[in-house]
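Using the sequences and the hints given, assemble the complete structure.
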Amino acid sequence: MKDTLSAIHSLMHTINRPVRLMEVCGTHTVAIFRHGIRGLLPDGITLLSGPGCPVCVTSAGDIDAVIALAEKPDVIVTTFGDMMRVPGKTRSLSGARADGADIRIVYSPLDALKLAAENPSRMVVFFGTGFETTSPSVAATVGEAVRNGVENFLVYSVHKLVPPAMAALLSSGEVQVDGFILPGHVSAIIGSAPYEFLARDFGKASVITGFEAHDILEGIRMILAQIASGKPAVKIGYTRVVRPEGNPKAVAVLNEYFEPEEAWWRGIGPIPGSGLKLRAKYEKFDASARLGLAPVRFEEPSACRCGDVLRGMKIPGECPLFGKSCTPEHPVGPCMVSSEGSCAAYFKYSV
Amino acid sequence: MCLAVPSRIVELDGMKAVVDVRGARREVSLLILPEEVSLGDYVIVHAGFAINTVNRDDALEALRFFDKVLQSGGEGVFL
Ligand code: SF4
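Sequence order for the protein chains is A and B.
Read in order, the letters of the first sequence are residues 1 to 351 in this note's numbering.
Read in order, the letters of the second sequence are residues 352 to 430 in this note's numbering.
Read the hints as simulated data drawn from the structure, not as lab findings.
We put the beta carbon where it would ideally sit given N, CA and C, even for glycine.
Don't take every hint at face value.
[What the hints assert, rightly or not] Once the Cα atoms are required to be at most 25 Å apart in a straight line, the calculated SDA-like pairs of lysine to any residue come out as:
(1) A/Lys235 / B/Asn406
(2) A/Lys249 / B/Arg359
(3) B/Lys367 / A/Arg147
(4) A/Lys249 / B/Gly374
(5) A/Lys348 / A/Gly317
(6) A/Lys249 / B/Gly399
(7) B/Lys367 / A/Asp111
(8) A/Lys72 / A/Gly100
(9) A/Lys235 / B/Asp409
(10) A/Lys89 / A/Gly61
(11) A/Lys249 / A/Ala280
(12) A/Lys114 / B/Asp409
(13) A/Lys2 / A/Ile37
(14) A/Lys235 / B/Pro385
(15) A/Lys249 / B/Arg377
(16) B/Lys367 / A/Asn119
(17) A/Lys2 / B/Leu411
(18) A/Lys314 / A/Asp43
(19) B/Lys367 / A/Glu118
(20) A/Lys249 / B/Arg415
[What the hints assert, rightly or not] Here are a few chain A residues that face chain B, going by a calculated C-beta distance under 8 Å:
(21) Thr133
(22) Asn247
(23) Ala250
This is how it looks when you write it as structure tokens:
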């Protein structure tokens, strides 16, 4: 690690200007704090968090829609546990559950399918959240529902895609970064090719890396080497888990059941082609289509700056509510709810 | 949320397997795993699905990181 750090210092000397890097994935945000990476780096390097926390980018309108589903007497809603506390317009899933809605936490989408098979008289809706790491599993679960003839299993998909969101951030011109620390486990599925536009269209350096201290430092070194040489190109530093082609089977399963559509990102708004919906052929598994429900879209209320934090435009401490009215105990915005949210990570490690 | 946990396969049954993570046993699906696996192989698991294979040394190293995250009280990291 010492060698990597001295290489980082000498590359910064060559580059001779400040460098801004964005870690796209919330797990990296936590790992960077956990390992005290900022304290090891030369002053010229700024690390910014990106939009890669699925809990943080789920819009309040989608939370409200899922609550509305859960309040129907013949519906059971199933969700990953970390969505429970995300605020909707007036309530979170956990608030709605306390008010009597049937909302259950599952570890795997297959648990939701099992629940559907056990409760044939009710509709079991799985709240499909997460990026490319998660969506192939949900697709495979729909495949199992087809195979086993389970007709009362539905998905409310707010799945999101990482590369289109990055493309949108860069195209908007608001995000000033020199390079990207790319997600490890999203990339285990999609491989490196979907990120090639970063260098080709935007001249940005990038490296897919893991979550250990040495992975992150080596990733930063590799990004700086690209910047110093003026030759950006997506590279894989996490070869023990990520292959250039990713997991082709998972991608094939995903594409069989889902297709891209516009998605709403909390605090950011709509991004074309950055979400996933079930293909028309599998519409009977689509909760919105089958139960006739559309999320209400509205601007996020309050002074929460989560949208700016997710775009790397503000750090959490620049939000007036941070650590005052907004804490992990009483989160105002979604970036404080998830343990991977940037505000929660800053609060936990720096307050 | 996008973290995947390295786990050792201790039982195999078609497209299902039982894995051992730190002594805890869990059923995982092999439906999206690109290659065949045998007993004793390591896979990384996310939301009840094995998403890739990893070699033993890498798996053991990664598990050390999970221990640290768990000690620091990181919740939700297994999703
Ligand atoms: S501190 Fe709270 S209110 Fe401020 S941006 Fe973060 S989540 Fe939003």
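Each hint tested on the structure:
1. A/Lys235 / B/Asn406: 21 Å, holds
2. A/Lys249 / B/Arg359: The given pair, whose Cα atoms are some 21 Å apart, holds under the 25 Å limit.
3. B/Lys367 / A/Arg147: It holds: about 15 Å lies between the C-alpha atoms, which stays within 25 Å.
4. A/Lys249 / B/Gly374: Violated, at roughly 29 Å.
5. A/Lys348 / A/Gly317: Cα-Cα ~12 Å, so holds.
6. A/Lys249 / B/Gly399: Measuring from Cα to Cα gives roughly 16 Å; hence the hint holds.
7. B/Lys367 / A/Asp111: With Cα atoms ~14 Å apart, lysine 367 of chain B and aspartate 111 of chain A stay inside 25 Å; holds.
8. A/Lys72 / A/Gly100: With a Cα-Cα distance of about 11 Å, the restraint between lysine 72 of chain A and glycine 100 of chain A holds, given a limit of 25 Å.
9. A/Lys235 / B/Asp409: 19 Å, holds
10. A/Lys89 / A/Gly61: 7 Å, holds
11. A/Lys249 / A/Ala280: It holds: about 21 Å lies between the C-alpha atoms, which stays within 25 Å.
12. A/Lys114 / B/Asp409: Violated, at about 33 Å.
13. A/Lys2 / A/Ile37: Roughly 13 Å separates the two Cα atoms, so the pair holds.
14. A/Lys235 / B/Pro385: 22 Å, holds
15. A/Lys249 / B/Arg377: The hint holds at about 22 Å.
16. B/Lys367 / A/Asn119: Since the Cα atoms of lysine 367 of chain B and asparagine 119 of chain A sit roughly 23 Å apart, the hinted pair holds (cutoff 25 Å).
17. A/Lys2 / B/Leu411: 23 Å, holds
18. A/Lys314 / A/Asp43: Measuring from Cα to Cα gives roughly 18 Å; hence the hint holds.
19. B/Lys367 / A/Glu118: Holds. Lysine 367 of chain B to glutamate 118 of chain A sits at ~20 Å (cutoff 25 Å).
20. A/Lys249 / B/Arg415: Violated, at about 29 Å.
21. Thr133: 4 Å, holds
22. Asn247: This interface hint holds because 5 Å falls under the 8 Å limit.
23. Ala250: 4 Å, holds
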